[in-house]
Amino acid sequence: MAEATGTSSNSGGAGGVRAAQEPSLKAGGVLSDERVDFLREQAFCVLRVKTDKWNRFIGAEENQKIILDFLDHIWTNRLAFNAVESIPTVVASVKTSPPWKTKLLCVLKKGVKRIARQGFRHQLRLGEVPGYPMEHLPVVISEVLVCVLSNGLNHEDWPRVVSDDIHRHLEKLRSRVVTTRGRAEGRTLLPLPLCVERAQPRDIVLGSVQTLIVQWSGQIWNILKKDSGMMLHQGDHPGPSVELQFWATQKENLLGIQSQIQSPKAQHIMEILRRVKSSYYSSFKDICLKVNEAVLEAEDIDLYLRPLRRLISNLEERTFPQVDALLPPLFHTLCLIWSCSQYYCTPQRMVVLLQEFCNLIIEKAFAYLIPEELFKMELEEGVERVQIAISVLCTFKQLFHTHRQRIPEYYSHSQAIKLWDFPAALVFQRSDRIMERLLMIKELFATALDFLKLEKVELGGSRGKVLSEMVFSMSEEFHDRWRALRESKYDSLDYTDDDFVRHYRRFMEQNRDFDQRLGTVLNLAFQHSKNLKSTFKVRLSLRVPFNNSNSLFRDMLPCDSGKRC
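Per full-length UniProt numbering: the sequence shown = residues 1 to 565.
It should be emphasised that the hints constitute simulated quantities derived from the structure, not laboratory data.
All figures in this text were calculated on a predicted structure; none of them were measured in a lab.
Think of the CB as a built atom: it goes at the ideal place given N, C-alpha and C, for glycine as much as any other residue.
There's no promise every hint is true.
[Said to hold, decoys possible] DSSO-like mimics (lysine-lysine), calculated; alpha carbons at most 27 Å apart, straight line:
{"hint": "1", "residue 1": "K113", "residue 2": "K50"}
{"hint": "2", "residue 1": "K265", "residue 2": "K277"}
{"hint": "3", "residue 1": "K226", "residue 2": "K251"}
{"hint": "4", "residue 1": "K290", "residue 2": "K376"}
{"hint": "5", "residue 1": "K65", "residue 2": "K110"}
{"hint": "6", "residue 1": "K290", "residue 2": "K251"}
{"hint": "7", "residue 1": "K65", "residue 2": "K109"}
{"hint": "8", "residue 1": "K277", "residue 2": "K290"}
{"hint": "9", "residue 1": "K265", "residue 2": "K290"}
{"hint": "10", "residue 1": "K364", "residue 2": "K418"}
{"hint": "11", "residue 1": "K290", "residue 2": "K418"}
{"hint": "12", "residue 1": "K376", "residue 2": "K285"}
{"hint": "13", "residue 1": "K418", "residue 2": "K376"}
{"hint": "14", "residue 1": "K65", "residue 2": "K103"}
{"hint": "15", "residue 1": "K251", "residue 2": "K277"}
{"hint": "16", "residue 1": "K226", "residue 2": "K277"}
{"hint": "17", "residue 1": "K109", "residue 2": "K172"}
{"hint": "18", "residue 1": "K442", "residue 2": "K418"}
{"hint": "19", "residue 1": "K65", "residue 2": "K53"}
{"hint": "20", "residue 1": "K285", "residue 2": "K265"}
{"hint": "21", "residue 1": "K251", "residue 2": "K265"}
{"hint": "22", "residue 1": "K65", "residue 2": "K113"}
{"hint": "23", "residue 1": "K113", "residue 2": "K172"}
{"hint": "24", "residue 1": "K397", "residue 2": "K418"}
{"hint": "25", "residue 1": "K442", "residue 2": "K364"}
{"hint": "26", "residue 1": "K376", "residue 2": "K364"}
{"hint": "27", "residue 1": "K172", "residue 2": "K50"}
[Said to hold, decoys possible] Pair by pair, the computed Cβ-Cβ distance ranges are:
{"hint": "28", "residue 1": "E436", "residue 2": "V129", "range": "21 to 27 Å"}
{"hint": "29", "residue 1": "V501", "residue 2": "L296", "range": "21 to 27 Å"}
{"hint": "30", "residue 1": "Y490", "residue 2": "E363", "range": "18 to 24 Å"}
{"hint": "31", "residue 1": "L426", "residue 2": "K277", "range": "33 to 39 Å"}
{"hint": "32", "residue 1": "H332", "residue 2": "K376", "range": "26 to 32 Å"}
{"hint": "33", "residue 1": "R318", "residue 2": "V129", "range": "46 to 52 Å"}
{"hint": "34", "residue 1": "Y490", "residue 2": "E317", "range": "28 to 34 Å"}
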């Protein structure tokens with residue numbers, strides 16, 4: 001990658017680089033430029049770029065422009081080359097590029113605005129920046145800067161105050177670099193004081209050690225107080241894989257901290273504190289004991305959570321209707337973890353894990369139902385999908401209550417039994433709200449299946465035509481209302497959005513009005529039936545459309561026609 005960056009000149013804008021209008025570049029002019037040849041030689045040497053790759057790179061007009069802008073214009077003062085998979089690519093920007101993974105070749109202007117075509121080598125400053133510079137920066141500070149500044153010959157004329165102040169700033173800089181590198185790598189690195197490494201006088205050592213102990217304590221406490229349920233408390237909905245990954249990472253992090261505080265240099269620091277009877281000694285010793293306990297806890301939990309990996313993988317890979325069969329072995333494994341793990345058998349941790357499994361099932365249900373398309377699919381398909389989702393959620397909750405009662409069976413006679421005595425509402429708070437929405441949607445679908453069949457109803461008798469037109473009119477009206485519901489933009493399964501609930505209530509109120517109007521039509525149809533045969537014809541004409549649905553009208557019919565029958 002080649003990148004041209006720099007500060008804007010008076011001719012450039014504040015928002016970026018402004019180039020003068022130029023005719024199209026010619027590859028021949030660039031290839032015959034000795035300055036470009038020099039850059040090519042450096043790229044060959046530093047980045048190990050092959051000739052064909054460079055020719056492909058320099059043949060692009062945009063790449064030629066970036067290089068010539070750096071050489072001939074004042075608005076760029078830095079050029080960076082980076083070989084990505086041995087293919088150099090070029091990016092022009094007024095900002096530093098994102099982190100790179102391979103070696104970087106940097107070319108800087110040395111106090112000039114334009115690079116001359118002759119005798120230009122003394123106008124350029126070349127440098128190599130390794131990939132992942134955060135790994136090298138602490139070494140540069142401790143092995144280069146500290147060595148230079150700690151040599152008394154380099155600052156003989158400096159006041160002692162200035163020398164000490166520079167050392168303190170170096171200490172802070174190195175400490176920040178080490179901790180930042182650890183964060184970037186996802187682990188905790190405890191910086192060692194430079195004065196200990198370089199055996200400086202005792203008063204300087206003690207002050208630096210006590211400062212570092214305070215920093216170490218803060219870093220370690222931040223790890224010890226980490227909670228796997230933090231994302232749940234923040235309102236996110238993580239799955240169980242997050243729980244397993246948390247404890248695997250926590251174990252590795254704590255083992256790393258334990259290794260660092262047990263290293264010879266850290267033990268030397270502890271010995272210094274002990275000898276001077278520092279108040280920091282006992283407090284940090286307590287922290288070290290807590291680290292050892294936390295390591296045992298993380299190792300135990302990580303060990304017993306591992307069997308869940310295959311179950312989670314199966315849950316994620318199976319189709320949603322097949323999830324039912326995987327739930328019994330899941331709860332069996334959870335009960336074994338509860339009864340066998342020394343550290344995971346607490347209500348707080350089991351509630352978090354169960355909530356995360358609920359989230360996984362809910363996410364699979366959403367993917368299966370496709371909430372934004374739920375009301376747009378065929379009614380029969382929508383009813384089937386909603387029913388399957390309700391069945392899976394109910395099965396999960398039923399298995400929870402079943403295994404909750406069977407917890408004592410997982411303990412031997414010599415073990416103290418710990419029950420799942422936490423409220424079920426803590427586990428199913430979200431799934432219960434999703435269930436409420438699913439039941440509403442199921443009711444809407446059932447109602448729609450009934451009313452959308454009104455168009456098939458034909459009533460006979462003396463007033464059959466009029467009554468049939470009334471039924472058809474109601475059918476058309478219901479079609480319009482159902483179409484409005486299908487075209488709605490909100491997510492019907494988002495329980496934080498009340499728009500669907502308001503629409504549902506309004507829809508059901510209108511349905512009750514339809515029930516009354518339809519009941520009136522049916523009464524009129526039966527009243528105008530001349531004999532038993534015509535009465536049964538009316539009943540049959542109404543039975544056919546609602547034969548396979550849970551119709552409200554089937555319960556209505558015998559009451560209205562009982563006297564005639």
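Verification of the supplied hints:
1. K113 / K50: Status violated; Cα separation ~31 Å.
2. K265 / K277: Holds, at roughly 18 Å.
3. K226 / K251: Given that 27 Å is the threshold and the Cα spacing comes to 12 Å, the pair holds.
4. K290 / K376: 57 Å, violated
5. K65 / K110: 21 Å, holds
6. K290 / K251: Given pair K290, K251 holds - Cα atoms ~14 Å apart, limit 27 Å.
7. K65 / K109: Satisfied, since the Cα-Cα distance of roughly 17 Å is no more than 27 Å.
8. K277 / K290: 21 Å, holds
9. K265 / K290: 20 Å, holds
10. K364 / K418: 32 Å, violated
11. K290 / K418: Roughly 25 Å separates the two Cα atoms, so the pair holds.
12. K376 / K285: Cα-Cα ~65 Å, so violated.
13. K418 / K376: 49 Å, violated
14. K65 / K103: 23 Å, holds
15. K251 / K277: 32 Å, violated
16. K226 / K277: Status violated; Cα separation ~31 Å.
17. K109 / K172: Roughly 31 Å separates the two Cα atoms, so the pair is violated.
18. K442 / K418: 39 Å, violated
19. K65 / K53: Holds - the C-alpha atoms of K53 and K65 are around 18 Å apart, at most 27 Å.
20. K285 / K265: 15 Å, holds
21. K251 / K265: 23 Å, holds
22. K65 / K113: This hinted pair holds, its Cα atoms lying about 17 Å apart.
23. K113 / K172: Between K113 and K172 the Cα gap is close to 36 Å, so the pair fails against 27 Å, i.e. violated.
24. K397 / K418: 20 Å, holds
25. K442 / K364: At roughly 18 Å apart (the allowed maximum being 27 Å), K364 and K442 satisfy the hint.
26. K376 / K364: 19 Å, holds
27. K172 / K50: Distance of about 43 Å is beyond 27 Å: violated.
28. E436 / V129: 21 to 27 Å: 58 Å, violated
29. V501 / L296: 21 to 27 Å: Violated, since V501 and L296 (Cβ atoms, about 49 Å apart) do not stay within the stated range.
30. Y490 / E363: 18 to 24 Å: 19 Å, holds
31. L426 / K277: 33 to 39 Å: Check failed, 48 Å falls outside 33 to 39 Å.
32. H332 / K376: 26 to 32 Å: Violated - the Cβ-Cβ distance for H332 and K376, about 40 Å, lies outside 26 to 32 Å.
33. R318 / V129: 46 to 52 Å: 48 Å, holds
34. Y490 / E317: 28 to 34 Å: 31 Å, holds
The structure fails hints 1, 4, 10, 12, 13, 15, 16, 17, 18, 23, 27, 28, 29, 31 and 32 (numbered hints given earlier, in ascending order).
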